[in-house]
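Please model the complete structure; the sequences and the hints are all you need to start from.
Number of protein chains: 2
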Amino acid sequence: MPLSEKLLIEHIRRRAGRGKRSRIPAGIGDDCAVIRLPPRHEALVTTDFSLEGVHFRREWHPPDAVGHRCLARGLSDIAAMGGEPIAAFLSLALPAKLPQSWVNRFFQGLLNLAHQFQMSLVGGDTAESPNGILADIVVLGSVPRGKAILRSGARPGDRVYVTGELGSSATALDQLFSGRKKKVSVTDFPRHFFPVPRLDAGCFLRENNLASSMIDTSDGLTTDLSHICEESGVGAMLNAAAIPRAVIGAARTPVDLKFALHGGEDYELLFTASPRPKIPPRIKGVRVSDIGVITRKQKLQLIYPDQRVETLEAQGWQHFARKSM
Amino acid sequence: MPLSEKLLIEHIRRRAGRGKRSRIPAGIGDDCAVIRLPPRHEALVTTDFSLEGVHFRREWHPPDAVGHRCLARGLSDIAAMGGEPIAAFLSLALPAKLPQSWVNRFFQGLLNLAHQFQMSLVGGDTAESPNGILADIVVLGSVPRGKAILRSGARPGDRVYVTGELGSSATALDQLFSGRKKKVSVTDFPRHFFPVPRLDAGCFLRENNLASSMIDTSDGLTTDLSHICEESGVGAMLNAAAIPRAVIGAARTPVDLKFALHGGEDYELLFTASPRPKIPPRIKGVRVSDIGVITRKQKLQLIYPDQRVETLEAQGWQHFARKSM
Numbered sequence: 001m002p003l004s005e006k007l008l009i010e011h012i013r014r015r016a017g018r019g020k021r022s023r024i025p026a027g028i029g030d031d032c033a034v035i036r037l038p039p040r041h042e043a044l045v046t047t048d049f050s051l052e053g054v055h056f057r058r059e060w061h062p063p064d065a066v067g068h069r070c071l072a073r074g075l076s077d078i079a080a081m082g083g084e085p086i087a088a089f090l091s092l093a094l095p096a097k098l099p100q101s102w103v104n105r106f107f108q109g110l111l112n113l114a115h116q117f118q119m120s121l122v123g124g125d126t127a128e129s130p131n132g133i134l135a136d137i138v139v140l141g142s143v144p145r146g147k148a149i150l151r152s153g154a155r156p157g158d159r160v161y162v163t164g165e166l167g168s169s170a171t172a173l174d175q176l177f178s179g180r181k182k183k184v185s186v187t188d189f190p191r192h193f194f195p196v197p198r199l200d201a202g203c204f205l206r207e208n209n210l211a212s213s214m215i216d217t218s219d220g221l222t223t224d225l226s227h228i229c230e231e232s233g234v235g236a237m238l239n240a241a242a243i244p245r246a247v248i249g250a251a252r253t254p255v256d257l258k259f260a261l262h263g264g265e266d267y268e269l270l271f272t273a274s275p276r277p278k279i280p281p282r283i284k285g286v287r288v289s290d291i292g293v294i295t296r297k298q299k300l301q302l303i304y305p306d307q308r309v310e311t312l313e314a315q316g317w318q319h320f321a322r323k324s325m
Numbered sequence: 326m327p328l329s330e331k332l333l334i335e336h337i338r339r340r341a342g343r344g345k346r347s348r349i350p351a352g353i354g355d356d357c358a359v360i361r362l363p364p365r366h367e368a369l370v371t372t373d374f375s376l377e378g379v380h381f382r383r384e385w386h387p388p389d390a391v392g393h394r395c396l397a398r399g400l401s402d403i404a405a406m407g408g409e410p411i412a413a414f415l416s417l418a419l420p421a422k423l424p425q426s427w428v429n430r431f432f433q434g435l436l437n438l439a440h441q442f443q444m445s446l447v448g449g450d451t452a453e454s455p456n457g458i459l460a461d462i463v464v465l466g467s468v469p470r471g472k473a474i475l476r477s478g479a480r481p482g483d484r485v486y487v488t489g490e491l492g493s494s495a496t497a498l499d500q501l502f503s504g505r506k507k508k509v510s511v512t513d514f515p516r517h518f519f520p521v522p523r524l525d526a527g528c529f530l531r532e533n534n535l536a537s538s539m540i541d542t543s544d545g546l547t548t549d550l551s552h553i554c555e556e557s558g559v560g561a562m563l564n565a566a567a568i569p570r571a572v573i574g575a576a577r578t579p580v581d582l583k584f585a586l587h588g589g590e591d592y593e594l595l596f597t598a599s600p601r602p603k604i605p606p607r608i609k610g611v612r613v614s615d616i617g618v619i620t621r622k623q624k625l626q627l628i629y630p631d632q633r634v635e636t637l638e639a640q641g642w643q644h645f646a647r648k649s650m
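Chains A and B are the protein sequences, given in the same order.
According to the working numbering, the residues represented by the first sequence are 1 to 325, in order.
According to the working numbering, the residues represented by the second sequence are 326 to 650, in order.
Careful: at least some of the hints might be erroneous.
Partner residues aside, some chain A positions facing chain B, computed with beta carbon under 8 Å [to be verified]: (1) T47; (2) L134; (3) V196.
Keep in mind that the hints were calculated from the coordinates and are not lab data.
Quantities reported herein were computed from a predicted structural model and do not represent experimental measurements.
The beta carbon of each residue, even a glycine, is placed where N, CA and C say it ideally should be.
Structural data, given as structure tokens:
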């Protein structure tokens, strides 16, 4: 059953978060949403596709995980600016034959995450899709004027930090793509199916003026760090032993280093900060690892425990795993 | 050739409007765009799909018209709130084999329209599409606090007005769908291929506190007026003779009344206003027609010159022409 615009609006009206309603004087069911920003704040806007066959597969990803990941992508971008989310907008095109239960569970996943961060889904667009499920999420957030943490502020001598652990998503996808597994479990790969955006850590860094630059690891550590380096006109030396590798299953097997280095969709925060004051080892309950240093030389390098140095290519998530999903 | 994210960013950096740059402290190539709203303004956000096979066909619509219409849909929503556009975001998924020339002309159409209204394309997302061209446009605008013109303000006794002429798009699509024509010309149907959103007229109405409610005619007069009526808890009586029908070609043949009543995608402004002060017959160079009156009875009715009264069903663009594109 296709989801009509009316149905989408009903979905939103009935179940959307009631968190920041006072910031949303009008919107649901009007031509535009009208949103009041907090005083002396600037608007943050980000938009991210979730396309069947590109960002997810119906046989691999349960509908609530698809909805959750769809919104998480946008929220993670807000986190990477040190911002706070206000409202989301969903453009959703569904094939005519998609079961209503899929749609309901998709919304459940998306709205659960929205509630968790006291934000609302307040609008969007709907259409019937000629092929496959197409979602585009827009998140509007805000940040005090002039306080957004950009990619361009890294300086030589700054330390490089990352939250949480890396490589979980890439390992899950590697198992699926290789055909070694037909399915992988949510329990083994929670960060792949239900990534929690690091909004609290991002806000903490901004409020305390701790980060000189920041990005989220949606494309993978090497690619995302190379974005920071490019925008800041610097390079970086990473410490291989310090990269926090995700652990899988009850055996807590660490993922392969290459997945932690190049695999995307972990939605952790990657940031730089001057060596003083020290960054705490945990921020808002999330582990923070010091993984290297920003260099004047505009290269991305990796140093191993035996002092061997390797120059890294930003291999990019696209060239790595995404192509074939 | 697929359009990589890098290419999109280059496109935007090189060619984006330089109109309101001061409002955009950062953004292109960062996790989010950072946008400063004018003082004491609220944000307006709207999002609209343009999907191949649903909203356009490659054999019917030249690429620059697809780009133009894509942005026009969003701008028209901003106009319908009495708002001013600031920036646009484009999520664009393209099939691997799409010629680069198509992409260039698409951007040309979109950016020409952006320049016309001194606004910038400042971000978005890109992906490779498994099937067909998928675009989702987000427009961020603003309006002085509390001044947005909503759908819910129509009162019994208010007059109903519409800008421009109606039915051009529906007539073009009828000729194409029926197979009577393989192509229709831009000259005959400028409002179908290159609709100019009524931003100036919308601002004028808001600045002068003239409209009690407003919507744009994206879904067709009957459907859009029924949205106003539903949100306002009222009905309307339209005057058949007063509906401004578009004229086609050198012969200036008026379109069929049913296309003017039910056909969508004309992107005119439909608004209500108290009978005093009088609404001028032209606003910012655009014709304005008085087409009926808001009634207490919650019905949509049409009165003919012979006083015959017909109850209208909001037939909806979806059920009318869109289904099969």
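Going down the list of hints, with the structure as the test:
| no. | hint | result |
| --- | --- | --- |
| 1 | T47 | holds (5 Å) |
| 2 | L134 | holds (6 Å) |
| 3 | V196 | violated (17 Å) |
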